[in-house]
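Engineer: Go ahead and model the full structure; you've got the sequences and the hints to work with.
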Amino acid sequence: MAPPSSSPGVRMVDRIRVSPPPPSNSAREPALPLTFFDVAWLFTGPVERLFFFRHPDPASVLPLLRSSLSVVLRCFYPLAGTIRPHPPFLCSYTPGADALTLVVAESDSPDDFDRLVARSPRDLAGIRPLVPQLPPPREDGAFALAAVQATVFPGRGICLGVSVHHAACDDASTMHFVRTWAAACRLGLESDDGSEDAALPPPPVLDRSLVADPDDLRGKTLAGMARLAPPPPPQEEEEEEKAPMVMASFLLPRHQIDRIKEGAAAKSDAKPSSFVAASALAWVCLLKSGSSGVAGAERSHMLFSADCRTRLTPPPPAEYFGNCLRPCFVEAATADLLSGETADGVAAAASAIGSAIREMEQGVLEGAEGWLGRVLSVLPERPMSVGGSPRHGVYETADFGWGRPARVEMVSVEKTPGTVALADSPEGDGGIELGVVLPTDAMDAFASCFADALGGATI
967 MAPPSSSPGV RMVDRIRVSP PPPSNSAREP ALPLTFFDVA WLFTGPVERL
1017 FFFRHPDPAS VLPLLRSSLS VVLRCFYPLA GTIRPHPPFL CSYTPGADAL
1067 TLVVAESDSP DDFDRLVARS PRDLAGIRPL VPQLPPPRED GAFALAAVQA
1117 TVFPGRGICL GVSVHHAACD DASTMHFVRT WAAACRLGLE SDDGSEDAAL
1167 PPPPVLDRSL VADPDDLRGK TLAGMARLAP PPPPQEEEEE EKAPMVMASF
1217 LLPRHQIDRI KEGAAAKSDA KPSSFVAASA LAWVCLLKSG SSGVAGAERS
1267 HMLFSADCRT RLTPPPPAEY FGNCLRPCFV EAATADLLSG ETADGVAAAA
1317 SAIGSAIREM EQGVLEGAEG WLGRVLSVLP ERPMSVGGSP RHGVYETADF
1367 GWGRPARVEM VSVEKTPGTV ALADSPEGDG GIELGVVLPT DAMDAFASCF
1417 ADALGGATI
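To convert a position in the sequence shown, counted from 1, into the numbering used here, add 966.
Be aware that a few hints might be false.
To be verified - Computed list of lysine-lysine pairs in DSSO-like fashion (alpha-carbon distance at most 30 angstroms, straight line):
no., residue 1, residue 2
1, Lys1208, Lys1381
2, Lys1237, Lys1227
3, Lys1186, Lys1381
Since the hints were made in silico from the structure, they are not lab data.
Structural biologist: Written out as structure tokens, the structure reads:
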């Protein structure tokens, strides 16, 4: 085991391998095949999310966090395993050899906690040390699928970091895992005797045959990846100095969402959803901040993922564990998004997003063999993209026994410029929280646009 390492402001205390207990009633599947939804994410990386909780004695909860994590891994054992990114493309867990890594850390500056849970811009350099890193790949190329980090801020609170590789599952499955772990911790489960199963959320459904693939979309996707995957970027002799990045959270209250919906509906045939309203506002603000789109381009682009669980025929259960997402492509005239008042641009953006959703729902798997090519072709246009979803209830459901989180951040949005994270409101009022990572000047411009759209409201 490698000795704990440290980052500025954070001291690593321990690195623990947490293994699932033996199955209680049936043998585990030795390996899960990757579906066509999964293989598209093989060469991406983890989704990284931080949950901040206030607690007067955070170190006292560490033993229960560890034991309840082991209990939950009984059902979510694939997260303790690995994926080999070559044929036959399996997600496998080997008892005794594989385990999920839990890092325990302590902040050298407990007073930083209040700054880190604020909505105002925070230096990303102070947030990164809280994010758990996946162990390095093995010699055979197999890579770990998940890691967890608990960082204690003595006397103030605790930050739980969860990193899950996207090839293992999508955000709906990740939050199912977090929700189950939170319930097990809240109930004080320290052993896996099955007595409290009824009080936990329904277990994950691991049967990958529930995603039918009669047209060999997996094979076509893998062939497309081999043909279209871009070469690695050339090594630069001198790395350019990058502008410092900051992260900020913006609250879009329920009444403001309704106002955006009404304004957009007055200029189109359909009233947008809350997701569409929030995404449209974010798209316009990113364009105005210069953080999305190409300067002078006549068309602007947006990408987001749609959950296919309820759209497939037959539909897999809501608890299906794995990826079940398809990309949605949105395009609009840049002039329509930027001309006139901010509200006019938001209405145009909402109309374009709504049209893309309606088109997608006419055939959820239509053109699936070409999705990868379309994604790669639009990336040079610097599209806006969306991570997370208010439907996941990251504030509502992640109660480990200490109340709702004080702040939840999807830190991995920094890896894809122009990405906005959407979550339910921490106020529990039906609003939406937007998380953004930008250089300081661009963040100021984004905040100005956001405030203008909300009639002068601030972060």
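Engineer: None of the hints should be skipped; say for each whether it holds.
Structural biologist: Hints versus structure:
With a C-alpha separation of about 14 angstroms, the suggested pair Lys1208 and Lys1381 falls inside the 30 angstroms cut-off, and the hint holds. Straight-line distance between C-alpha atoms of Lys1237 and Lys1227 comes to about 6 angstroms, which keeps the hinted pair within the 30 angstroms bound. Among the hinted pairs, Lys1186 with Lys1381 is consistent with the structure: their alpha-carbon atoms are about 27 angstroms apart, no more than 30 angstroms.
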